[in-house]
Amino acid sequence: MRESTLWLMHLGAGAVMLVVLGIHFGVMHTGGLIGIDRTEVLTFASVEARSGQLFYVVVYLTLLVVALYHGLYGLRSILFELSAIGSTLRRTINLLLVLAGWGFFFYGAWAILAGYLG
Amino acid sequence: MTEQAKGCQDKEMTFRIMRYDPDKDAKPYFQQYKIKLQHGMTILDALMHIKETQDPTLSYRKSCRMGICGSCAMQVNGFPRLTCQTQVTEISTDTIEVRPLANYPIIRDLVPDLGDFMARHESILPYIIREDHQEQNNPTGEYSQSPAELEEYLQFAYCIKCGSCLAACPTNATDRKFTGPQALAAAYRYAADSRDGGLAARLDTLDHPNSLFRCHYAGACSEACPKGVDPSLGIQLLKRKLFQKKILGRGQKPAGMAQTPAGIGRREGIPQAPEKTV
Ligand code: HEM
Ligand code: SF4
Ligand code: FES
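Going down the list, the protein sequences come from chains A and B. If you use the numbering used here, the first sequence corresponds to residues 21 to 138, in order. If you use the numbering used here, the second sequence corresponds to residues 90 to 367, in order.
Keep in mind the hints are simulated off the structure, nothing from the lab. Backbone N, C-alpha and C define an ideal beta-carbon position, used for all residues, glycine too. A couple of the hints might just be wrong.
[Said to hold, decoys possible] Sample of chain B residues facing chain A (criterion: CB under 8 Å; computed from the structure):
#	residue
1	THR260
2	THR263
3	ASP296
4	PRO298
5	LYS330
6	LEU331
7	PHE332
8	GLN333
9	ILE336
[To be verified] Residues from chain A that keep clear of chain B, each with C-beta distances beyond 12 Å, as calculated:
#	residue
10	GLY32
11	PHE125
12	ALA129
Next comes chain A alone, as it looks inside the complex (with noise of 0.2 Å):
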């Protein structure tokens, strides 16, 4: 993919993260401002209440797609900027980057849909 695609990518990936990281943040975190009460939340109740409603689902995966490629993007601008990466170790860092990606989603999927799927 060309880099101004991956790059829109990781912007649009803050600005999703905006939206579902405020939902997460506004209920599991800062619930006091808006009446939640910041004990109930963390209950195991709770927690498996909102895992087996689909609105959380939809959120929780979200938020793990748009922050994982948002932080593995940033990750591999990092070291890429360290000055001998020549262009094998590139593909070597491009590589081990999609797969900790494709392996922290599915390990994250899973324990989202299993929480939903009972």
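Take the given structure of chain A and dock chain B with the ligands to it, following the hints.
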């Protein structure tokens, strides 16, 4: 002469200058020279004085001595500066360290190798690109451009290619393939020119991992530029152009020909322009 300038006259200063001859030296080293300060002396004047009176082997690059050619940029006390535009009295230390511009290979002493820097500038197609080649090569008039349109890119056109911004840039310090602030700002200079139609071609030259996308807004280039160009602003505006083109599908409409003013003749006594020679 002001009282302050009189006080500086004949003050003894030490210059700690980096020396390196790749044919003889394994690595660069420093050599010290003492000189008497003269009124109005620039760092470049001091280097010329040392070369003329103490050490003819000292090498540095200079040409215009008036901040126009961009050839005399060096690290003065660790900061890139045009040495012909820097008064010795502006530097507040008694010992002044002069090195070649950082982040470039050294040809000799204070002379950096700017070949790769110029190649990066060339790579972004730094000229107006249009489809009307016939008109461009054999102009019948001028392309129109309003003062407001000129303002869009004017500050970026002040670049004299001194290379100071790349010496200051932290991304360039680790990634020597980085297109760099100068070339990226130059790419914006042409992308923002209302007469240009080459945005797509120019963005294509930048579509690789060491380019536009590796600027992290450190802003060191803008602080270092001796001509008041703000390359980091140019880079962000170029990212905006990329976004507008790729996501919003906004293209370019290169300006047409300017209307020749009607009813205006040559004033008396002003001769005809000479015939074109090229
Ligand atoms: C609402 C949340 C977020 C927003 C709006 C956001 C936005 C951005 C932006 C605008 C950039 C710079 C892009 C560029 O220079 O071209 C960036 C870089 C980066 N982001 Fe995020 N980000 C967010 C969350 C995160 C998270 C959660 C992580 C970690 C998983 C992360 C990791 C990175 C990394 C590693 C970089 C690259 C750093 C660099 O290039 O200097 N970001 N982010
Ligand atoms: S942008 Fe400024 S610092 Fe960079 S090369 Fe041009 S004049 Fe020099
Ligand atoms: S000698 Fe030309 S800019 Fe300094």
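Each hint tested on the structure:
1. THR260: Because about 6 Å separates THR260 of chain B from the closest Cβ in chain A, which is inside the 8 Å limit, the hint holds.
2. THR263: Because about 5 Å separates THR263 of chain B from the closest Cβ in chain A, which is inside the 8 Å limit, the hint holds.
3. ASP296: holds, 5 Å
4. PRO298: Since chain A brings a Cβ to about 5 Å from PRO298 of chain B, closer than 8 Å, the hint holds.
5. LYS330: violated, 11 Å
6. LEU331: holds, 6 Å
7. PHE332: holds, 7 Å
8. GLN333: violated, 11 Å
9. ILE336: holds, 7 Å
10. GLY32: Non-interface label on GLY32 of chain A violated, nearest chain B Cβ at 9 Å vs cutoff 12 Å.
11. PHE125: Non-interface label on PHE125 of chain A holds, nearest chain B Cβ at 23 Å vs cutoff 12 Å.
12. ALA129: holds, 28 Å
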